[in-house]
Structure formats: structure tokens, C-alpha cells
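**Student:** Each chain, letter by letter, is given below.
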Amino acid sequence: MYRNQYDSDITTFSPSGRIHQIEYAMEAVKQGGAAVALKSKQYAVLVSLKRSSSELGSYQKKIFVVDDHVGIAISGLTADARMLCNFMRNECSNYNYVYESQIRVERLVTKVADKHQVHTQRYGRRPYGVGLLVAGFDQLGAHIYQTCPSGNFYDYKSISIGSRSQSAKTYLEKHFESFEECTLEQLITHGLRALRETIPNTDDTLNSKNVSIGIVGEGQPFKIIEEADAQPYLNLLENEEPVEMQTN
Amino acid sequence: MSIMAYNGGACIVMTGKNCVAIASDLRFGIQQQTISNDFPKVYRINDKCFVGISGLVTDAQTLYQKLVFRHNLYKLREERDMSPRVVSNLLTNMLYEKRFGPYFTEPLICGLEGPENKPFISGMDLIGASVATDDFLVVGTMTPAMYGVCETLYKKDMNEDDLFETISQCMLSSLDRDALSGWGAIVHVITPTQVITKKLLGRQD
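From first to last, the protein sequence lines are chains A and B.
Read in our numbering, the first sequence has 104 at position 104, and its numbers run on one by one without any break.
Read in our numbering, the second sequence has 81 at position 81, and its numbers run on one by one without any break.
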């Protein structure tokens, strides 16, 4: 196919004006486990599906604390994500050291996006194969951002990335207008319901082993809720009837 | 005049039975002129570890801020607090990195180590030569006077109240013998359950 001639180098454009290596990197993100992010006025919530390589193994960590007011959920190459997470932690601490205040979320995300961009323009350095969902809370309120291997970043009200995330996006599109006024519990429940849409019917449902929740907000430093702590929220989910997709 | 005596100041750490205490004076001056009488030199790293940094104030502040930076990164990666022994090790490393252009500070570390809350104190010079003992350590502009009174008053295995009394008396007596430290003192006593902080009113001169 035509594509194959122009896709081996990050520094080569295709005749249609695309850089295929970047698009392939974004494919890696689409293969990762699903993650959902949503926000209200006072809180930002991350919900993600952890994967394990086998029954014997543990489930791979998907949500990371970056600072008191920021956390990330990852989808794609976990090793690349760890590097970016380290970078973000360093930047937050550095900013705190120099200015004695917390870095604003958009500023941090811009730095990450710039880091992604460097790897799309230099020969011999491949792009990071990971997409981040950044949840943060600063003086301007709650924020959700998505970063891409392309170096773009997007500000969202709610979003989902990873494999089968389209189903979660459909759920979020139906309900996002009510998120602004939701309580923290309602927000987490919405997130779990959206995440549930991404599980193929043949697999396990959401359980405390494969779900990871991250919350941050007004008066709430970024906290990861996992394992036993996540069970109450999963119970809230089970008590309701399965969601009927309205078709108006 | 030595650069270490430019701002003046004094710090003492002492161990007791299942507790440690750290005290510093409150004077901040520029040579002979006193600028502030409310400037403690003891900084909290976490609930089980305090650091007292004497010497040049600008370096003490910077060293503390860098230590907080490293401690925060440590907490994010290891998901636990730094123990006092680790803080001490980190400080010696940070100071020796600047071997040929050092921070003009002499830090003291005190805290409770591990789940048994064993008392731990250590001190080092400006390029990170550290020593950990089990009784007391002093740094500052009046170390000869502080050594004398600490040697005399110190007893092993004091409880919190006795430890507080002893370290306070040592501090106040030494401050009176030195022109560059004084204006009262602040004492922190660290026990497994709480940190007790008290300000001492001494001669205001």
C-alpha cells in the first residue's frame, strides 16, 4: 500500500500531509486499557480498568499521583507512561520549589505536550506511545485534559481513551450535561457506568481487582481508591438496574 | 568574621526514652544588628523527623527547600515518608555534592526511627561529614558553652517532661553567653504519638 513508503520515519511527511508514525503511536494508545475522566464544578474523577497479564499476576497500575492537586490515568505503553509521570512529578516539585505555590494544571499539561512534540520532530527518537488523562484542581477549578503522542492536548468536560472507549464516550455524551452539579459519589458512579460499557460481554464485570478510581477536588488532595476501598462504589453500581440506552 | 557566624544561631538535639527533642534560638541578625526575634531554625520534614539548620540563613532556607523537594518526590515514588536515617543520609549527600562551593550550614537531624520509634539524632558539618550519637548534639555560634552545659545536665533515658526541662535549661544558659544568639528559644519534643512545641522566654537581648 502507498502508506508504507512514507511511514518508517518520524521525520517523513506523506504526500497527503500526514506523519504516519504519529498516527501509529496513537494506535498504541487505542490498544491500552480503557480509562474514563469526568469533572464537576468541584471535583475531577478518573476511573480506569486495570489489566493483568495472567491469573497469577497482579493488575497493572493505571492511575498515578503527580502532586497533591494533579493525578493521571494512562493508556498505552506503561513504561513510557512512567517516564512521563516522573517528568510531571519533577516539574510540579520544581515549580513548588521556585514559586512556593502549586503549578496550574494547564501549564503542566502544556509542558507534557511540548515533551511529546520534541519526539515528533527529531530523527532517531520515537514518540511516546501513551495517552494521558490528567485530572487536576487549581484556582481556576476542576480540569480534565487529554494528551496525545502527537503533542496535542485537549481540554475536556469528560472523555474516555483506550480500547472500546467509544462505548464509554457514547454514555458520557448522553449524560455530561448533568455532571457539573453532581456530587462526588454520583460522579464516580457515572464514571463506573461509563467504564462498564467498555468491557466486552465475554469478560468479567467490574470488580475491586480490576478497577482503579482517582479523585481530586476542592479540599481533596489527589487520592487513588483501589481494591477494598473501591468496593462501596461498585456496590452502588450493582444496586441499580442496568442502564438502558435511551433512543430519543 | 566567619561566614558561619554572620547570622548567628544555635541548635541542640537530645534523646530521651522513646522521645527526642530539638531546640533552637529565635534570633535572626546581620552581624551585630538584630533583624527578627521570631526566627526559628528548626524545620519539620514529617511527623517523625525534624531538622535544625544553623549557619548562614540563606543557605539554611535553600537547603530546607531542596530537602522538602526531595522528600516530596520520595513520597510520591515510594508512597511512604522518609525515615530520619534516610533524611540524614540524603543531607550528607546533598552537602557533599557542593564540596568545593558549600552551603554554609551545619544541620542537625532528629526523629523517631522505624515502627518501634527508636530515637535517632545525627549532625554534620558543612560538607556532610556526619555523626550519629545516642545522647546529644549541638551546632551554632556558641558550641563551647552548649557542650559544657549539655554534658553536665544530660542523663540517659529521660522521659518527655525531664527531656524538655533539660534541653530548655541547656538552651537558655548557652544563649546568655553568646551575643549572636538569643531572644528566646523554641523547643519541639517528638514522641510516638505527638509533637509538643513550646516557646521559651529568655533574656530579650
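No wet-lab data here; the hints were simulated from the structure.
Heads up, some of the hints might be wrong.
Computed list of lysine to any residue pairs in SDA-like fashion (alpha-carbon distance at most 25 angstroms, straight line) [unchecked claim]: (1) 223/A x 118/B; (2) 66/B x 33/B; (3) 111/A x 118/B; (4) 118/B x 61/B; (5) 30/A x 50/A; (6) 66/B x 84/A; (7) 75/B x 166/A; (8) 61/A x 100/A.
Label-pair restraints from in silico Cβ distances [stated by the list, open to error]: (9) 114/A x 115/B: 40 to 50 angstroms; (10) 101/B x 82/A: 33 to 43 angstroms; (11) 65/B x 18/A: 45 to 55 angstroms; (12) 47/B x 202/A: 24 to 34 angstroms; (13) 47/B x 52/A: 41 to 51 angstroms; (14) 163/A x 129/B: 33 to 43 angstroms.
All C-beta atoms in this analysis are idealised placements derived from N, C-alpha and C, irrespective of residue type, glycine included.
**Student:** Take the hints in turn and mark each one as holding or not.
**Tutor:** Now the hints, each set against the structure:
Restraint check: the Cα-Cα separation between residue 223/A and residue 118/B comes to about 30 angstroms, which exceeds 25 angstroms; the hinted pair is violated. This hinted pair does not check out: residue 66/B and residue 33/B have alpha carbons roughly 28 angstroms apart, beyond 25 angstroms. At roughly 43 angstroms between alpha-carbon atoms, residue 111/A and residue 118/B are farther apart than 25 angstroms, so this suggested pair is violated. Note on residue 118/B and residue 61/B: the hinted pairing is violated, with a Cα-Cα distance of about 28 angstroms set against a maximum of 25 angstroms.
Our distance criterion of 25 angstroms between C-alpha atoms is met by residue 30/A and residue 50/A, whose separation comes to about 15 angstroms. Note on residue 66/B and residue 84/A: the hinted pairing holds, with a Cα-Cα distance of about 22 angstroms set against a maximum of 25 angstroms. Pair hint residue 75/B plus residue 166/A does not hold up; C-alpha atoms about 36 angstroms apart against a cutoff of 25 angstroms. Only pairs whose Cα atoms come within 25 angstroms are accepted, and residue 61/A paired with residue 100/A is rejected, the gap being roughly 30 angstroms.
A beta carbon spacing of about 44 angstroms between residue 114/A and residue 115/B agrees with the range 40 to 50 angstroms that was offered as a hint. Our hint of 33 to 43 angstroms for residue 101/B and residue 82/A holds, since their Cβ atoms are close to 34 angstroms apart. Roughly 46 angstroms separates the CB atoms of residue 65/B and residue 18/A, a value that falls within the hinted 45 to 55 angstroms. Our hint of 24 to 34 angstroms for residue 47/B and residue 202/A is violated, since their Cβ atoms are close to 49 angstroms apart.
The hinted range of 41 to 51 angstroms is not satisfied by residue 47/B and residue 52/A, whose Cβ atoms lie roughly 36 angstroms apart. The hint said 33 to 43 angstroms for the Cβ distance between residue 163/A and residue 129/B, and at roughly 56 angstroms that hint is violated.
This entry does not satisfy hints 1, 2, 3, 4, 7, 8, 12, 13 and 14, going by the numbered hints stated previously.
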